Amino acid sequence: MNAFKVMLAKDLRVELRTLQSLPAMALFAVTTFVIFRFGLDRTSLEGSLAAGVLLVTVLFAALLAINRLFVAERDEGGFDAIRLAPVDPSSLYLAKVAALVVYLLALEAVALPVFAVFFLDGAEGMAPLAGILLLLDLGLAATGALVSTIGANSRARDLLTPLVLLPLLVPLMIAAAGAAEPLLAAGGPAYDEVGKWAGTLALYDLTFLLVGYAVYDFLLED
Amino acid sequence: MSLKMPSLRATAAATAVVLGGAFALVFFYAPNDADQGFVQKIFYVHVPIAICALLGFVVAAIHAIRHLRTGDAVHDVRSYVAIHMGVIFGTAALLTGAIWARAAWGKWWVWEEPTLVSFLIVYLLYATYYPLRYAIADRERQARYASVFAITAGAFVPLNFMAVRLAESLVHPRVFATAEGGLPGSMMLTFLVALAGMALLFVTLMRFELAAKATRGQISRLRRALDAGGAAGTSSRIAPVAPAEGGR
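So the sequences go chain by chain: S and X.
So the first sequence is numbered by our numbering: it starts at 1 and just counts up by one.
So the second sequence is numbered by our numbering: it starts at 1001 and just counts up by one.
Keep in mind that the hints were calculated from the coordinates and are not lab data.
Predicted, not measured: the structure shown is a model, and the values here were computed from it.
Some hints could be false.
Covered stretches of chain S, going by a simulated chain X footprint (3 or more residues, C-beta under 8 Å) [unchecked claim]:
(1) 85-96
(2) 162-168
(3) 173-179
(4) 199-209
Glycine included, every Cβ here is placed at the ideal spot set by N, Cα and C.
Sequences and hints are given; from them, build the entire structure.
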């Protein structure tokens, strides 16, 4: 647990000092919204279209952070340090998942208000939508940290991570879109199927957190 | 696979007999579908192929777990071959499915059919197995990472089927009855024989590839022993390596 805290604090401190990922993610998200405004030729969105624009933007902004997640470990010998240190390698996984969740929450703290200002009429659905996004972030982080480790240790690097990650995230995006759609419906949020989809999101998060925790040791073995 | 298996030749012969019998049943015994007529007979090819592809992925995940537990490279090769065959069968399932969809529904692709969409997503995921595998140079690490992928993807398959099915609104009618539902006895029998034949084909092809890999490994070992001191082949790939030409 101690190793987890140390590594998480290290990651957050590095990000705070260098600001490598977060500003890029926020900027990317806002620019993507602008592109959607002209790509779709719509000035206001609701329902499935709004859910799609928001979630696809968050997904691709998340890919930026996921691709960079292990750059320091790879380039500065962090993987070797973990192998040498008398700590459970899984704590590195958990620390990276936690760091990613923090990044994504920070991203959404910027992207969600901007999205609401750009495209939505009211902000009633925002509170439950934030909960859905938290469940989405957990799933993105659980699979992202796992696949990013594989990508960082391969020759293909930045190419491999999104390639493997995107199909793996399809069920997560289906569930998130299913939950976000009624929350962003025209004429105020509806809650009819949100529970079902939130359950699916939670199941996905739990499954891949467990799988990641169970197999992570084998990725660092050498 | 670790049980004592019948010889490769016996498996191949059994496959030929059962699959031949299945086709005989398909063409001469099973009745034409009342709705779709003759075209429906592709069902006896398409559905067993798809089931075998998915079972191949399950087998791959089981071997991957055994590989990580024991560190025995043989399980990694089996996992690789199972996914390899699964992807080939998956391609065949998507193609036969498209043909059937065109004949039965008038479209090559139908987004409303959850089984089709789920299968495509699973197929896309497993198609990334090859770039993943060949992007890792170190042989042992390649094997371990491939196993991690096979296990993760194995957990993904049921979740994916669940999510896609939930995404279809419940009022949407199931377009064709599943194999267990409402199939008359003669069709069911034909289907089961076809399934057994296709499963045997899957196993035979897997064993052929495993045997080919083992033989190839043996040849390169022998060749290396023969010109000991000469430049040994340093390929790190497990997958087919063309034997060096004229290397005597």
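Taking the hints in turn, this is what the structure says about them:
no.: 1; hint: 85-96; verdict: violated (count 0)
no.: 2; hint: 162-168; verdict: holds (count 4)
no.: 3; hint: 173-179; verdict: holds (count 3)
no.: 4; hint: 199-209; verdict: holds (count 5)
Of the hints listed earlier, the one the structure fails to meet is number 1.
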